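Residue numbers (full-length UniProt numbering), protein chains in the order written: chain A, 1 to 403; chain B, 1 to 253.
Hints are computed from structural coordinates only; laboratory data are not their basis.
Quick caveat, the model's predicted, so the values are computed rather than measured.
Worth double-checking, as some hints may not be accurate.
[To be verified] Incomplete in silico selection of chain A near chain B, CB under 7 Å: (1) F354; (2) Y355; (3) S358; (4) V361; (5) T368; (6) M369; (7) A376.
[As the list claims (entries may be wrong)] Calculated cross-link-like contacts (lysine to aspartate or glutamate; reagent style EDC-like; alpha-carbon spacing at most 20 Å): (8) A:K363 / B:E93; (9) B:K143 / A:E383; (10) B:K104 / A:D218; (11) A:K363 / B:E118; (12) B:K143 / A:E385; (13) B:K104 / A:D380; (14) A:K363 / B:E73; (15) B:K143 / A:E377; (16) B:K112 / A:E367; (17) B:K143 / A:D384; (18) B:K22 / A:D396; (19) B:K143 / A:D218; (20) A:K363 / B:E55; (21) A:K190 / A:D218; (22) A:K363 / B:E75; (23) B:K104 / A:E365.
The beta-carbon is built from N, C-alpha and C at its ideal position, and this holds for glycine as well.
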Amino acid sequence: MRANFPVRLGPAEDALIAQLKAAGADAAAERITVAGLPTRRVESYHYTDLKTLLRAIPPLATAANEASAPALRIPGAFNLMIANGAIQNAATAPAGVIVGKAEGGVLTTRDDVLVHINGALAKEALTLTLESSVDPVIQVERRVEGEAAHVADALKIFVADDASATIVETFSGSDAAHVGNHATYLSAGKNAVVTHITIDLSARAVSHFATNEYQLADGAKLRTLVIHAGAGLARTHVFPRMAGAGAHADLTGLNLVADGQHADITMETLHAVPHTSSQPLFKSIVRGRAKAVVQGKLVVARDAQKTDAKFMHQGLMLSDEAEILSKPELEIYADDVVCGHGSTCGMIDEDSLFYLMSRGVPKAEAETMLVRGFIAELFDPIEDEELNEALQGIVDGWLMNGQ
Amino acid sequence: MTTPVLEIRNLHARIDEREILKGVNLIIPPGEVHAIMGRNGSGKSTLSYVLAGKEDYEVTEGEILLNGANILEMEPDERAVAGLFLAFQYPIEIPGVATMTFLKAALNAQRKARGEEELKTPDFMRLVKEAGSQLNIDNDMLKRPLNVGFSGGEKKRAEIMQMALLKPSLAVLDETDSGLDIDALQVVSKGVNALRDGQRSMLVITHYQRLLNHIVPDVVHVFSDGKIVESGDKELALKLEAKGYASYGGEAA
Ligand SMILES: Nc1ncnc2c1ncn2[C@@H]1O[C@H](COP(=O)(O)OP(=O)(O)OP(=O)(O)O)[C@@H](O)[C@H]1O
Ligand SMILES: [Mg+2]
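Please put together the full structure from these sequences, using the hints given.
Written as structure tokens, this is what we have:
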């Protein structure tokens, strides 16, 4: 018989197990009891060792009594809010939008501890059904307010065939040491055109986890943008399933990481059928002693011929002590595909800086211009001007904090 | 005596332990155009970079006075505000920064530093349109990222357009003619000549006498092994064209 070395559990794991058991999620509790939180020895958590990084799990969230200021205002947007896991009443929805609620989790089961926890603890999901094209930007604010709390919430979005929409999710709240575990499932119908942006603007003390799962039908076009610009520890999962011929996804993301922070974008795209394409492009800007991680896995199913996918991660180091880590992975079971990956990493280019300064632009402003230039590829495709400006404002604010 | 726009006294500079400038002396009075000609590798671009304040170079001796003020301790942006402009031999490509955005930032940064008000967008657009039309630069080009994918000639025209907008008191043109076709050479020369106003001075670095038919210099200097070895009127350029640099010693690069 194989000897069974029990894993030593820490206070975070003990608290998690108790919360999961109380919620009746015995299987999820049992998994953590046996394996603990993932360490660097677990492949997909190699660069984000949760056992080390996540030292405490606060009590499960109760209803929010107070509210912090909105973290991001997008003029003209239709706003919805989930605070401490509870869906808040919303204003009248614009034409084509049906707002509703559903039971429990929204994610497809997979072997991932954060997905398990969300599935076990998210009690109700906000549902958005977009029956036709929606003009205003839809903003879903996800807040964790009050004393330090552990919260799991969920959002499910259906975009009808031929419809187009832009959905922005912002994550924010009070300054306490919350642990947020957020899930979004988005299904894009045939020929739908969808932009989905998730922005973490939580306080430094927060540990922010989010899982974005996508399902794309024939001809659907998806653009995603993950921005990490808040929590001390952040990890967002991007899990698209390219399930219809002609579907295309531009999967983008930006880690803005300052001293003492750790941000991780982990993507796994499944090209399930022939003739789909994806263009994952991620960027990390890091200053101080900080760590940015991007993992990108492309899985091409056996029959998914003519898949076209290329993963790219570009890093910009604003300090010597910063760390930028890339892990591309290809798992290809078809033979007629074009798949690839690449990554680059560099500092601000001295010649470019000199050129701008030689025209009278002061150093700090010239650096800001170059950083904006570095990011432009991610923001330029966002056509809504107010939204584009709001995104630019996040980057400018982050840069200003560092000067 | 009027203060020269540029005065360089016994300038020595080095990069990575290697001395490139070995005692440059040069005086350019207001309104004059001086040309510098010299072999590849003789240090002409180095001189232009040292003037503009590029960090890689260490000035070990000498002085640079711009309108009477020592600029050696100034940052590149401060030198620009003080009236210096360098048209680069190889303009830098900057992805993600629209040319228009850059022009506005540069113009307003200089105005701000001089205590002037920032330009309103319509006024800025008018200035850009004026400067652009003279140099055959249209709005589409200005919407593209700075110098990215510009042809060699487009890059040079864009440099002169920047000069026209920034109105420096001293313009250093480093091989602005290289890579230009015959028509573009005319356009650029016209642009440069339009900026000759009796006050603004220019230092024109070139390999070809041809440019000096269009931009007629007051003085021609021969640069060799890190310093000026001979100065004369525009006839000197013709002599160089005919005889080459052999009489100045050293080896061809
Ligand atoms: N980083 C460096 N380290 C060492 N030597 C350098 C460095 N940069 C330039 N040089 C040298 O300095 C010398 C002068 O170069 P510079 O570019 O000033 O010449 P130039 O006169 O402008 O030539 P050209 O006519 O070809 O443009 C050259 O020999 C060059 O190799
Ligand atoms: Mg040169």
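Any hints this thing doesn't respect? Which numbers, in order?
Failing hints, ascending: 5, 10, 18 and 19.
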